[in-house]
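Join these two chains into a complex; the hints should help.
For the protein sequence lines, the chains are A and B, in the order given. For what it's worth, my numbering labels the leading residue of the first sequence as 1, then goes sequentially. For what it's worth, my numbering labels the leading residue of the second sequence as 1, then goes sequentially.
Honestly, the hints are just simulated from the structure, not real lab data. Fair warning: this is a prediction, and the values are worked out from it, not measured in the lab. Glycine residues also receive a C-beta, built at the ideal position from the N, C-alpha and C atoms.
Computed list of chain B residues with no C-beta within reach of chain A, every gap over 10 Å:
hint: 1; residue: Gln5
hint: 2; residue: Lys9
hint: 3; residue: Ile14
hint: 4; residue: Asp105
hint: 5; residue: Glu107
hint: 6; residue: Thr108
hint: 7; residue: Phe113
Simulated crosslink set (DSS-like; lysine-lysine; CA at most 25 Å straight-line):
hint: 8; chain 1: A; residue 1: Lys112; chain 2: B; residue 2: Lys33
hint: 9; chain 1: B; residue 1: Lys112; chain 2: A; residue 2: Lys104
hint: 10; chain 1: A; residue 1: Lys112; chain 2: B; residue 2: Lys98
hint: 11; chain 1: B; residue 1: Lys98; chain 2: A; residue 2: Lys110
hint: 12; chain 1: B; residue 1: Lys98; chain 2: A; residue 2: Lys121
hint: 13; chain 1: A; residue 1: Lys104; chain 2: B; residue 2: Lys33
hint: 14; chain 1: B; residue 1: Lys98; chain 2: A; residue 2: Lys104
hint: 15; chain 1: B; residue 1: Lys33; chain 2: A; residue 2: Lys110
hint: 16; chain 1: A; residue 1: Lys108; chain 2: B; residue 2: Lys33
hint: 17; chain 1: B; residue 1: Lys33; chain 2: A; residue 2: Lys61
Residues from chain A that face chain B, not an exhaustive set, calculated with beta carbons under 8 Å:
hint: 18; residue: Gln22
hint: 19; residue: Gln46
hint: 20; residue: Asp53
hint: 21; residue: Glu54
hint: 22; residue: Lys61
hint: 23; residue: Ile103
hint: 24; residue: Lys104
hint: 25; residue: Met106
hint: 26; residue: Ile107
hint: 27; residue: Lys108
hint: 28; residue: Lys110
hint: 29; residue: Arg111
hint: 30; residue: Leu115
hint: 31; residue: Gly116
hint: 32; residue: Gln118
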Amino acid sequence: MTNSNQFPEKPDFAITISSQTQLLRMVVELTRHITVLFHFPATDSQKISLAIDEAVTNVIKHSYRNDEKKQITIEYYLSSRGIKIKLIFTGIPPRTISEEINIKKMIKNKRKGGLGVQLMKRIMDSVEYKTVNGVNCCEMIKWQKAN
Amino acid sequence: MRNFQIRAKVANGIAVLYPKGHLDAHNVARFEKEIVRLIRENNFKIVINGRELNYITSAGMGIIMGYIDEIRERGGDIKLCDLNQRVYETFDLVGFTKIYDFIHDEETAIDKFKPVSRKA
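With the rest of the complex left out, here is chain B (with noise of 0.2 Å):
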């Protein structure tokens, strides 16, 4: 069984990756390949969907670091939904729940990316 999996879907603009168990400095080159095949794309909105994430370390986080100026920079972003405490713990260690936004659950992730309607 492999340790690390990763998958994605790209809906309406939208990308969401779902990354699966351990990700550390071993597997962390899957991950960094799913990242720049979204940019390459031109998927610049992320949404990390860590349903199924059990661990992270900082190989992981530091993908998640290199690309997000690159992302920014071209009106993206990456949001990070669904997490366990675990690793959102491992995220906050660092800092990072002060930079990117942490979300509870998928579809409101989504729902940040897409344009806030005007009020007449």
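This is chain A alone, in the form it adopts within the complex (with noise of 0.2 Å):
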């Protein structure tokens, strides 16, 4: 289910942040909050923090190449069934790999990077990347585990 008009139009709650990996943490615990607020288990909670923590990480590293002066949004839409979050932010288009990551290889090939992609989609229930006239979005959902 990846059907994302069942979130309100309109973001319940934004912030927008520096590029700077000194404010990966705060998101973190920001996020936490929020799901944990909306009645995400606390395990989920924790997985869907990390996810929105490499998604940010991917924005500083790839698409600012650390560029401190730029801007990243974050927003946070939540309805009964689920989560959705945006990353709206601008510079390189991210490079959006739909395989399987292949760990073996990646240990031949010496990589560090790569991972952060793979953990994302592995915790969420869809992660999608577009860009329309320059402007980046992330979107990715999450939804309650039905009782």
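Next comes the structure, spelled out in structure tokens:
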């Protein structure tokens, strides 16, 4: 299920931060608080926060190349069914890789990166990137588990 | 207070790292520096004791991934022990638990590096 129409048109909460890794922990804590408030189990809440950490880290490192003057807007859309989180940013459009990673191959190639998007995809029910008129958007959805 | 700290001890050719706190992209350089130092000093048998590690992202896991081939080529390995459930699950999400040894306690992890004595 990836239908994002089940969320309000406007975000319930939004924050704009500068592109600094020192703010990652604040974003993680904020996301954890919001998801707990909206009745996600603690384990899901921690994982969603990790996915957002990975998404923001990717923007800082790859789209903004650690330029601290750039900005990232994070929007939270809440419904009884789940949470949608959007990251809005400019900079270099993210490369979207659809295939599963091969850890053994990455080890052989001595790669240190490439795990973040995989983590995001394994945690969230949907992760989509798009770029329109130079503005990039990463939209992630996590549905509440049915009781 | 620092979000992340790391200390190391080396005994009998086996290095044990003790990362503490929150390991993310902001402080991963500190973690990498310690791994690189151990390699430079020819310590290739490394145990990471995660008893006090509360959080890890792909940045930290990427360092373990990036140096493991070199370490294994030199007859060593990285073994992880004493991780809390949350950190273990993060490693498991990307499939690290199939590639690396995850061991319950430090003593057993260190023992795994010791040569197995042959039975008469």
